[in-house]
Each structure stands twice: as structure tokens, then as C-alpha cells.
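> From just these sequences and the hints, can you work out the full model?
Chains as they are written, first to last, in our numbering: chain A, 1 to 229; chain B, 1001 to 1092.
Please keep in mind that the hints were generated in silico from the structure rather than gathered at the bench. Careful, some of the hints might be misleading.
[Claimed, not checked] Below, in silico cross-link-like pairs of lysine-lysine (DSSO-like), each with a Cα-Cα straight-line distance of 27 Å or less:
no., chain 1, residue 1, chain 2, residue 2
1, A, LYS85, B, LYS1060
2, B, LYS1091, A, LYS85
3, B, LYS1091, A, LYS97
4, A, LYS190, B, LYS1060
[To be verified] Output of the computed footprint for chain A on chain B, the stretches with three or more beta carbons under 8 Å from beta carbons of chain A:
no., stretch
5, 1036-1046
6, 1051-1065
Note that the Cβ used here is the ideal one computed from N, Cα and C, for glycine as well.
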Amino acid sequence: MKEEDTAQSALSSKHKWADEQTLVSALREGDEGAFGFLLDTYHGPLLRLAMAHVPSRAVAEEVVQETWQGVLESLPRFEGRSSLKTWMFRILTNRAKTRGQRERRYESLDSGDGQSDGDGEGWREPDRFIQAGSLAGHWSSLPSMWDEETPERLLLSKESRALIQQAISALPPVQRQVITLRDIDELDAKEVCNILEVTETNQRVLLHRARSRVRKIIEQQLEEKRPTG
Amino acid sequence: MSQDLKGQLMHLMAGNITCQDLIELITEYLEGSMSFSERVRFQIHLGFCQGCRNYLSQMKTTIRTIGKLPAEPIPDEVRDELLKRFRTWKKG
Ligand SMILES: [Zn+2]
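Right, dumping it as C-alpha cells:
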């Protein structure tokens, strides 16, 4: 108990708003510090998610502006049934969908099978497997073991970071939305299904394809960087 | 042992599932949405297959990498503008 107390007081100045109820009541009371914290924490992630929904950055920025407006308007009615983060992402997603439909360029998932995201088979890598014979379907060349420090090292390089970001930007929109919410914003599967209105199976299929593509890009990065001869 | 028999034996030992099929199940595995028997089969294959173990580890590393991508900081003028709006909202 004592240890926890010390840890908590050490964190309290830095994470004054870590407790969501405290944060929400401070916001309702008009505490600017609380709103500043919300802006610093979520503006970037909201913009990133918006860009996964609409075709241009300018529109994405407008959607984020509308989202903040929506957050302020709905705050008195926030019931805490989901986390504040999930709630804000849902507001953003709804605005982005409306906006996208208006622009007629929003690519929504028209059925629940995960097959209709205009994706093709680009996430598969059949050439990595033995094609025929009794060993068909087994690795033709084994994937290598990556270093523990791979993420840190890759992201240190501006070029690699840009390439990974590009790989995510190039994903079909719904895949990009799913991987952003799941792996960057760290929401759980249920929350993502709820926000994007996709089934659990669909969510998983989209996530799998998105991750597989990014894995491939990282592999290419590592292979290029590997010192040869 | 004939190549054919060796292949069949390997396949059997590897949980009766090919590597190509296994990697398609990785997200299902990581999400914890497999049935018990599917999970066992998956793990048996991993136990025998270095390639798939490496691939699984690569996928986990990929997820960690994606999770570390930084978001853009909010530009000062946007922050100021939104704080101004917050003040107005407070009064309203
Ligand atoms: Zn295998």
C-alpha cells in the first residue's frame, strides 16, 4: 500500500488527469488545464484517425475541428460508459463518415465479409512457400529472427519511420482505420468494432491484412539495412 | 526415408497444418479468438517449426513498432484557438 501511495504521488503532478472521472469533472467545471491536457493528448491521434477516413489532410483537419466542437457540445451528456478516448474517437468517426459521404469519396465497407475493401491479395506472400510436393505450403526460405530492439532502431531512422507511415497510409481505408485504432491507439477489438461498425471477424481479418503488409515493409527495410559482404 | 514420407511426417508433426495456413491464423491466435483445439494445433506446429516461430515473433515486433509511431504534436495556434473556444463554451 505504502509503495503504491508513493508511486502515485510521484505520478500525480505529471498525470494529474490520469483518473478519468477527475478529468471529466474538471472539464465540466471549465478547467482550462484539463482541456489543455486533452488537446495535447488527443489532437494528434484524432488527426491521424481522421486521415484514415477522409482523402485529404485539409478535410481531416476540419473533421478534427468539428470533433472538438462535438466534444464540447456533448461533454455534459458524457456518461462514462466507454472511456473518454473511445468516446472521442467515436465522435470523430461519425463526423468523418458524414463528411466523407458528403464528399462522396468515403470508401465504406459495404458488407460484413471483409472481402470488399478493394484490397486484392497483396497482403499474401505465396512465393515464400514451397509450391508443390509433400512439403507444399512449408517455408521455402525461413523468416529470420529479428532483433529485440528492432522497433526502436527502425523508428530512429527518419527514412524507415516515413516508410512505415507510408505503408499504413497506403492501406485500404478500413484496414488503416482498424490498425490505427488497434495498434497505435491501443483500443481493444470490441471498442474498434463498435466505433467502426464492423463485425469481430471482419475486424480481425482487416487487422491481419494490415499488419501483414506492414510486416513486409519492415522486413524489406531490415534486409536493405543488413550489411552485406 | 522417402522424401514423400518425410513430408507427410513433418506435416503430421507440425499439427497437420502448413506454414502458409498457419500465418493466416496468427492474428486469430494473438486475439485469443481460437477454440481450444485450434490453439493446441497451432502451438504444436510452432513447437516444431522455427520458421513460423520467427514469423510470429516478427508479427509481434511489427505490432510493437506500429505502436511506437509518434503522433504529431498540436500546433500552438490550433491549441490557442481551441482553448479560446473552450473559454467561450464555459461561459455559454
Ligand atoms: Zn511452419
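> So, against the hints stated earlier in the document, which numbers end up violated here?
3, 5
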